[in-house]
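Protein chains: 2
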Amino acid sequence: MMTRSLHARMANAIRFLAIDAVEAANSGHPGLPMGAADIATVLFSQVMKFDPADPKWPDRDRFVLSAGHGSMLLYALLHLLGYEAVTIEELKRFRQFGSLTPGHPENFVTTGIETTTGPLGQGLATAVGMAMGERLMAARFGSGAVDHFTYVLASDGDLMEGISQEAVELAGHLKLAKLIVMWDDNRISIDGATSLSGSTDQLARFQASGWDVVRIDGHDPDAIRAALEAARATGTPSLIACRTTIGFGSPAKAGSEKVHGAPLGAAEIAATRAALGWEAGAFEIPEDAAAGWNAAAQKGAAARAAWIARMAEMPAAERDEFERRLRGDLPAAALAEAVAGVKAKAVAERLVVATRKSSEITLDAITKAVPEMIGGSADLTGSNNTRAKGQKAVTPDDFSGTFVHWGVREHGMAAAMNGLALHGGLIPYSGTFLVFSDYSRPAIRLASLMGERVIHVLTHDSIGLGEDGPTHQPVEHLAALRAIPNLLVLRPCDTIETAECWEIALRAKDRPSALILSRQNLPLLRDADAANRCAEGAYELRSADGAAQVSLFATGSEVALAVEAQALLETQGVATRVVSVPSFELFLARPPEERARVIGTARARVGIEAAIRMGWDAVIGSDAAFIGMTGFGASAPAKELFAHFGITPQAVVEAALSQLRQA
Amino acid sequence: MMTRSLHARMANAIRFLAIDAVEAANSGHPGLPMGAADIATVLFSQVMKFDPADPKWPDRDRFVLSAGHGSMLLYALLHLLGYEAVTIEELKRFRQFGSLTPGHPENFVTTGIETTTGPLGQGLATAVGMAMGERLMAARFGSGAVDHFTYVLASDGDLMEGISQEAVELAGHLKLAKLIVMWDDNRISIDGATSLSGSTDQLARFQASGWDVVRIDGHDPDAIRAALEAARATGTPSLIACRTTIGFGSPAKAGSEKVHGAPLGAAEIAATRAALGWEAGAFEIPEDAAAGWNAAAQKGAAARAAWIARMAEMPAAERDEFERRLRGDLPAAALAEAVAGVKAKAVAERLVVATRKSSEITLDAITKAVPEMIGGSADLTGSNNTRAKGQKAVTPDDFSGTFVHWGVREHGMAAAMNGLALHGGLIPYSGTFLVFSDYSRPAIRLASLMGERVIHVLTHDSIGLGEDGPTHQPVEHLAALRAIPNLLVLRPCDTIETAECWEIALRAKDRPSALILSRQNLPLLRDADAANRCAEGAYELRSADGAAQVSLFATGSEVALAVEAQALLETQGVATRVVSVPSFELFLARPPEERARVIGTARARVGIEAAIRMGWDAVIGSDAAFIGMTGFGASAPAKELFAHFGITPQAVVEAALSQLRQA
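Chains as they are written, first to last, in the numbering used here: chain A, 1 to 663; chain B, 1 to 663.
Derived by calculation from the structure, the hints in this document are not laboratory data. Quantities reported herein were computed from a predicted structural model and do not represent experimental measurements. Please note: incorrect hints may appear among the correct ones.
With beta-carbon atoms standing in for the labels, derived distance ranges [unchecked claim]:
1. Ala301/B with Gly631/A: 38 to 44 angstroms
2. Glu594/B with Asp623/A: 56 to 62 angstroms
3. Thr601/A with Gly546/B: 33 to 39 angstroms
4. Gln662/B with Arg661/A: 26 to 32 angstroms
5. Ala348/A with Glu89/B: 33 to 39 angstroms
6. Lys56/B with Asp527/A: 57 to 63 angstroms
7. Gln662/B with Thr601/A: 48 to 54 angstroms
The C-beta atom is built at its ideal place from N, Cα and C for all residues, glycine as well.
Construct all of the structure, not just a fragment, from the sequences and the given hints.
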């Protein structure tokens, strides 16, 4: 047991590094690190399992700072614990260009950061995914290989975001006993007292979802330790409400929103030094505090050594598999074979199915080839077709399954998928309707920013969903998803393209993908060939009979329509080619000359997609014609809607002929 | 008190209209109307205050079917209660093109529908706004004018969505006693039993946020009535958990997910008729049931007559003001004067401020001129600058204020804003960071679909926010918002444009607006002129010195940068003009010849916006150059970021010169 005085010195080291870094940057959030320093000190020095010598040690405990604005708490910890990259110079460059200490924690920038946080609520929901990941991996490889906790520090703001409820419900339902949330219960948010906008009894709220809950003094190290020890022993996730004072130690600003997001200023820093008895200069760590942190940094080495010894005893084949999954490498041959099999089957059976069904057929094959895939759906399993044959559901008592019933919780699902991917060893994919990607968008954005391999299956991708009407019909969602940097948006036109798009998504190790799939049946347009043509982003699916006068460009369900239009045009003697464009991102990443070859030199160009035009001009140019949507859809059978909104082969023919007349 | 047998007949009339309409459409959701028919019958025949003779009667009780997929429940009710438009023919055309009975309830299609629902959770959160609207209007015009309840029927799925928690917390905090939520507690969602994905004790959850809760048998009319009466008497919002059987009455399918979203089929319909003793043919209403519903339809007439009498006694000026606000007409002269005043002040003081500050200055003036404006912020009041001088906060005990502390609840806020607008008499506006429009997006989409006047103030609109880094820096959000049909996206460049954009947003009676505002200071670029130039969408802000060789197009904070680039180009003898583009939507709605005039004939065109290019090609053409972002931002002081990402006057000059060389 650490003495209270040493604890205080170690906690104050965090406080002053945060104070000094924010002051140097003249920007940042000192309030949280000052308020939560005691919690963090107990957690990192007495409870958590980690080893700075190997920050990526797979069985380390995870720590998620959901309140990402308190990033200096994390950077101070990493520095004090001797994570090599986070030098004192980096702390001095807090929030400066190219530093390892950006304004919010970014896991792709700073080793030792588990996930990127800042958008509130995300960290908590991502941590639920990490804790699920631990259970899933333990169920596969045993607790000798995987047995760690996931700790979260969450703020009042985290708990106000709706996604937090989805996370709380999922964690409670799945009995994620190794998830422990420390709530920095300081009763202050940016506008002032949290009582301005809320009066929820958070303990009762978490309890209603099956959590173990307790409230403690968040500045009492013994209480913090006792609460953490008790929480580790329960069979449910735990909330520890840590009553703290934001900006603890600042005589004039503690307990006020003024210390949330602004430097203290020189005078108040001096006053805080006096109040906390801190003699050291800016960015200086007194010896006693440094020694305490050095000792803390050593504590995990033995656990890691024991883990290494256990792993050495694991059968080689199992260990190889464990390591392969953690590296994120695919079983390439098995995957290729599975994909080839689907393509062959599609040709043999001339499959006329919706691409959501094509996806199911593909999943039946590839989930066997790639056992690290974890499927799911936001309560639309039968509609999204994301459950492959033989996939067993994950339940609170059995994590050996590979399919998650997420409930109607798109946002929590997407964030937890990020957590599964970040945990390592798993490739999460899951489904909802395309229109509801709006609900999960903040988490999809974070996946894109972090470069995580999560795969969103988004079905019912246009007015083709029909009768459910405009609330359920995406028109702007393809554009909105294509707008997110680094997200791979894939809209296949038939079973062969769907299989290829799945292969692309799985192989995209460092970016998320969205598979955009139809509700309605579509003909098989491709012949199987070994090459993954979708990887080209766009390619000529049908050549013209002679030198092309018209090039038609389409995606997904509209490719078949383009092929019909081609036939009509050819009948009229207009040589026409069809280009399938399953992915704008992949196409636009190709060299200009290759793109020019695909775009071709036909006098008329027409883009076709049952969605708005936005984004298309980058592919076909703003002088091309476009057949699609300009506003919301309507409730009616799908065929009538395509006719009403003028997305028909005839309309394509007219647009092409009109272009030819003008050209 | 109604006899139980009459009640059953009336409820069965709902059930069979739903069964028959879904069967006729061969599409739809019979399970909820069958399960919730008893609840709806008690509510509409014994409790709710409304008058089909005047569906828009301002003091009617509101009913929100949050579980919008059960739309036939509503259509059956409207038909049985004699809402004229919803004839039996319309019920037969359920889910058909152009009918008044679309797949999900659409308030802009069907009179008697209070709000558009379907995306789960939205209805509940919108209802919170309606209940707030009632309190706000009662505080202004007295309970003689405004004194009604808001009832919600919510499903399991509604309660799983995170937005529901934000709504529950807001309603509990604000003690919205006249909000009563009936939860259709049937323990079934699409994937099957709700226990597959959740185990939250919903009563405890609502209670944790200060709600009155009770669980009843949702098929017992006496219990339903008693619970509703008790709920009406409490001082808090109420949750009535109505334990029901989905698809009640269907011998083979009741209690199963099979009856959620598919027709029963002829055989099962016959079995259900037998089970419920329903002798009438398809779409036939037996006389006893019809008579019961006719009597129910008459009940509200007296209350409405009494209300009309009370209104007649209201002082004429007050009544005129009440009616003006309900019509949604603006105090045009006062608004014009306020806007003119801001413009004059900006010129007189040559204001160099962030446009978020310009917005605050504008709000100081226009909230006085337009007292029906209800402001707010998602816990970023001081950053969004949405609180005007003298605006008093709304509190649980005092609704005379005009500013709402929404907490960190962007999604619930946006949906409640929709409810405030739908209630009538109020113009909601509120703020968050632009990047967090991702959180509120589903509700912004619904506002756009419904054509509601809500105004989203979205600040910190680019990498210009600096140190907080890429999690907080929007790059794709302008494109993503512009993608939403009917949403007006306004990005002003200085105080004068900001005042004009506020005027446009307020005058846009039937569409929502998003005001996109800078964190950083910007110079005043406009001279005051009487005309609202922003209403043109794009206009020449600076003419060239001679025949323009270069046209620069920019929005918001990048207009000043364009003006700097213009000066550099003119120095080099390159005649350059600058076009400010505050709104793509307004510009693209203008006739082609007017647009051509604004675009001009300069050989080089360059678009400038600190965001991705998507969407710009529709304005400037895909052959124009563009200076902006191609990926995520970074954490650093704003100036360094603009330099790093090449969004500088020099880069614009180079792009223009390069265009000239190529042209």
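Verdict for Gln662/B, Thr601/A (Cβ pair) under range 48 to 54 angstroms: Violated - the Cβ-Cβ distance for Gln662/B and Thr601/A, about 19 angstroms, lies outside 48 to 54 angstroms.
Supplied distance hint 38 to 44 angstroms, evaluated on CB atoms of Ala301/B and Gly631/A: holds (39 angstroms)
Could one say that the CB atoms of Ala348/A and Glu89/B fall in the range 33 to 39 angstroms? Given a distance of about 49 angstroms, which is not inside 33 to 39 angstroms, the answer is violated.
If I claimed the Cβ atoms of Lys56/B and Asp527/A lie 57 to 63 angstroms apart, would that claim hold in this structure? holds (60 angstroms)
Gln662/B and Arg661/A, beta-carbon distance inside 26 to 32 angstroms? For Gln662/B and Arg661/A the Cβ distance comes to about 28 angstroms; the hint holds.
At the C-beta level, are Thr601/A and Gly546/B separated by a distance inside 33 to 39 angstroms? holds (37 angstroms)
Outcome of range test on Cβ distance (Glu594/B, Asp623/A; 56 to 62 angstroms): violated (20 angstroms)
Violated hints, listed in ascending order, are 2, 5, 7; each of the other numbered hints is respected by the structure.
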